[in-house]
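**Q** What follows is the residue order along each chain.
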Amino acid sequence: DAGVTQSPTHLIKTRGQHVTLRCSPISGHKSVSWYQQVLGQGPQFIFQYYEKEERGRGNFPDRFSARQFPNYSSELNVNALLLGDSALYLCASSRLLSNQPQHFGDGTRLSIL
Amino acid sequence: LAKTTQPISMDSYEGQEVNITCSHNNIATNDYITWYQQFPSQGPRFIIQGYKTKVTNEVASLFIPADRKSSTLSLPRVSLSDTAVYYCLVGDRAAGNKLTFGGGTRVLVKP
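Each protein sequence line maps, in turn, to chains E and L.
The C-terminal position of the first sequence is numbered 113 in my numbering, with every residue numbered one higher than the one before it.
The C-terminal position of the second sequence is numbered 111 in my numbering, with every residue numbered one higher than the one before it.
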């Protein structure tokens, strides 16, 4: 079975632009979470979706938004990009909502110039 | 969520056993302890999870004392490919999928 897939793998944007990152969970997984990992730090929780509903939100500004589709795939949108948004964006999926071990994709490396 | 404290880095040699201790003094009754491994430019990978005493799987063992205020991840006979960052997380399994990562422990395995 395919693991969690994320696209694109790398992306370069300039300040003020917006970006959409995509995630396909493992087949049968209904929960998707998004994390931001700045170089040298651990991942920080951004959003959690389950059955197309937002179930958790981390301490990120309103420029960050997300959604989950009927096929359980998900998009993370970031508006008005800042230099500080440069990071590895990770998507994780799990079968249920509970805090079972999550399966991570290899992320999208976003660079802001 | 209980805060965790783990060493910033550790060095080891091929074939040795590596033990990483994580402190979680404020762990709650419903909290589980989970360890993830992360290689550069990859997402974290689940290693092991436990609640008390000892848990062992094909890649690691997790030792949890009776007071559960700390835990130790043991990697037997490490190889160069075990060089990675290891994260200790503590949380309620029923509280949703929000994972709180600390800074992790950078393990360097030398030849």
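Check the hints yourself; a few may be wrong.
[Stated by the list, open to error] Result set (BS3-like, lysine-lysine): computed pairs, CA atoms no more than 30 Å apart in a straight line:
| id | chain 1 | residue 1 | chain 2 | residue 2 |
| --- | --- | --- | --- | --- |
| 1 | L | K54 | E | K13 |
| 2 | L | K69 | L | K3 |
| 3 | E | K30 | L | K98 |
| 4 | E | K30 | L | K52 |
| 5 | L | K3 | E | K30 |
| 6 | E | K13 | E | K52 |
| 7 | L | K98 | E | K52 |
| 8 | L | K3 | L | K98 |
[Said to hold, decoys possible] Computed from the model, here is a short list of chain L residues facing chain E with C-beta under 7 Å:
| id | residue |
| --- | --- |
| 9 | G43 |
| 10 | S74 |
| 11 | G103 |
| 12 | G104 |
The set of hints was computed from the structure by calculation and includes no laboratory data.
Every residue, glycine too, gets a C-beta built ideally from N, C-alpha and C.
**Q** What are the numbers of the hints the structure violates, in ascending order?
**A** 1 and 10
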